[in-house]
Amino acid sequence: MKPNAPKRYPKPYIEQKVIKPVYLVLLFMMGLTGFGQMPIFKRYYIADIPGLEWTGKFYVTHYLHYLGAIVLFVLFAYVIVTYFGLFRRSHALSKAAYVRIFLLAAIVVTGIFRTLKNLPNVVFSPNFTMFNDISHLAFMMLLMVSGIVFSITKSGWLVPRAFRQTAPRND
Amino acid sequence: MTLLTRRSFLKTGLATAGAACASQVPLPAAAQTKNDGELATLIDIRKCVGCEACVEACREVNAAKYPEPEKPFPKMYPSRVKVADWSGEDKREVRDRLTPYNWLFIQWATVVVDGEEQEISFPRRCMHCQNPPCADLCPWGAARKLKNGITLIHADICLGGRKCQVVCPWDIPQRQTGVGLYLDLLPSFAGNGVMYKCDRCYNRIAQGELPACIEQCPEEVQTIGPRSEIIAEAHRIANEEGAYIYGEKENGGTNTIYLSPVPFETLNRSVDKGPGKPHFAPVEDQMAHADNMAKAMLIAPFAGLAAGVSRVIRAARRADEPPEDNHEA
Chain A
1 MKPNAPKRYP KPYIEQKVIK PVYLVLLFMM GLTGFGQMPI FKRYYIADIP
51 GLEWTGKFYV THYLHYLGAI VLFVLFAYVI VTYFGLFRRS HALSKAAYVR
101 IFLLAAIVVT GIFRTLKNLP NVVFSPNFTM FNDISHLAFM MLLMVSGIVF
151 SITKSGWLVP RAFRQTAPRN D
Chain B
1 MTLLTRRSFL KTGLATAGAA CASQVPLPAA AQTKNDGELA TLIDIRKCVG
51 CEACVEACRE VNAAKYPEPE KPFPKMYPSR VKVADWSGED KREVRDRLTP
101 YNWLFIQWAT VVVDGEEQEI SFPRRCMHCQ NPPCADLCPW GAARKLKNGI
151 TLIHADICLG GRKCQVVCPW DIPQRQTGVG LYLDLLPSFA GNGVMYKCDR
201 CYNRIAQGEL PACIEQCPEE VQTIGPRSEI IAEAHRIANE EGAYIYGEKE
251 NGGTNTIYLS PVPFETLNRS VDKGPGKPHF APVEDQMAHA DNMAKAMLIA
301 PFAGLAAGVS RVIRAARRAD EPPEDNHEA
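Residue numbers (the UniProt record's numbering), protein chains in the order written: chain A, 1 to 171; chain B, 1 to 329.
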């Protein structure tokens, strides 16, 4: 690269074209399998729809929910590293991103406690268990509501730091 | 072994175990030794005479916990949701299966022992699994496991969705409609009562007393003690007297260990199975997938980290290349 060439910043191409769709599909599946932990899909005929019988099988939805959590952990670690390693200088996080991050972090933390509770010999108090369960559900519902709001307001995750990226250096 | 007799158990372990039960703290017990603090019962089928003293004792001491449903029941939507009503006078008296009013029953089997056909009997109730799917998968935390190995359902929290019964390998919990928290929420659209099952007299154990079924049994069919000692005693008897064990490994391990004079495969063929009548079939660990996947969750962030670092390094290398070769960076 020539010494006086303008600084080039990486673009979140892979993240937009690959990671984002995967994330959205995963989030939908986590919502579906998460709600499937309540005995509602069979009651309300969802599990009667051809191809959706599995939504009424608790062990299947539980397995898929855990599987989705594993993939989400991979994905979260990946985007955290790539944001700080590649995109932070050219892109800032939007306010909507901070809301999403807070809600996702809350879902992850309560999910981790729920996973811990399901291990043998791990016993939490009944009140903590219920608080954790309801929090996990409530944060997910808030994430869904915020997702709808942000899709209307077209609030993405990243905001280009336009001036820093394009302004010529004066030196 | 000193802890296995009724009297010595009362003198020693029970008071301590009860205190531990009463003083639950919201901390994981993961740091403890496996099985530490868990009490198990040993049910020696060979001693049972089928007198139902345990059944009567259970019904007497737990009567205050039984449901008193409000009638008429809320109309349920959709119509496929059926009420489960055991509150009628006749149904309350049912003793040949598990019901919301009968948490323990005597099961019978006709088997051949030493070349002689015999009718044998044995008490059946919740197995109190070491990693109970009912408690793990209950969406509200209504079903829960105590540190002393008891699994119980909190009647004030349970919505009666029957998930615990569906995921239980033995279909133990039984539903009564018209009672519980769901009446205060959306009674027609969510929930359907409360699930009931044996709580191994957790309140009596907390006060240093024995579960009623153990205390009242004239034949001393059941004994209770620390799980490791119960298991050791079960194996000793099995080896010395040629008995068979059920419950040690089933569903990853339970806190109810049966000793039988015949293989449980034989017993299972003979027992009357169906709703409220549990089997004696082998049971795989239903929560094994959760334990294995929890380990994968620990590794997952490192995989993402490696992928992210790889992406950063590749992008950094491309940034140093001439622009025409640089497609994305």
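Please keep in mind that the hints were generated in silico from the structure rather than gathered at the bench. Every residue gets a Cβ at the ideal spot worked out from N, C-alpha and C, and that includes glycine. Any given hint could be a false lead.
[Claimed, not checked] Heads up, simulated DSSO-like pairs for lysine-lysine below, C-alpha to C-alpha not over 27 Å straight-line:
no. : chain 1 : residue 1 : chain 2 : residue 2
1   : A       : LYS42     : B       : LYS147
2   : A       : LYS42     : B       : LYS273
3   : B       : LYS65     : B       : LYS91
[Said to hold, decoys possible] Going by beta-carbon spacing under 10 Å, a handful of chain A positions derived as facing chain B:
no. : residue
4   : LEU67
5   : LEU72
6   : SER155
7   : TRP157
[Unchecked claim] Stretch-level coverage of chain A by chain B, calculated; a stretch enters the list once three of its residues show a Cβ under 8 Å from a Cβ in chain B:
no. : segment
8   : 76-82
9   : 114-120
So, going through the hints one by one against the coordinates:
1. With a C-alpha separation of about 33 Å, the suggested pair A/LYS42 and B/LYS147 falls outside the 27 Å cut-off, and the hint is violated.
2. As the CA atoms of A/LYS42 and B/LYS273 are separated by approximately 25 Å, the hinted pair is consistent with the 27 Å bound.
3. Using a Cα cut-off of 27 Å, the hinted pair B/LYS65 and B/LYS91 holds, with the two alpha carbons roughly 17 Å apart.
4. At a threshold of 10 Å, the smallest CB-CB gap from A/LEU67 to chain B is about 7 Å, leaving the interface hint in force.
5. Given the 10 Å rule on beta carbons, the hint for A/LEU72 holds: about 8 Å separates it from the nearest Cβ of chain B.
6. Hint on A/SER155 is violated. Least Cβ distance to chain B is approximately 24 Å, over the 10 Å limit.
7. Annotation: interface hint on A/TRP157 violated; nearest CB of chain B at approximately 16 Å, more than 10 Å.
8. Counting residues of the segment 76-82 of chain A whose beta carbon lies closer than 8 Å to any beta carbon of chain B gives 7, which meets the minimum of three for the stated coverage.
9. Given as covered by chain B, the segment 114-120 of chain A passes the check, having 6 residues with a CB less than 8 Å from a CB of that chain where 3 are the minimum.
Hint violations for this structure: numbers 1, 6, 7, all remaining hints satisfied.
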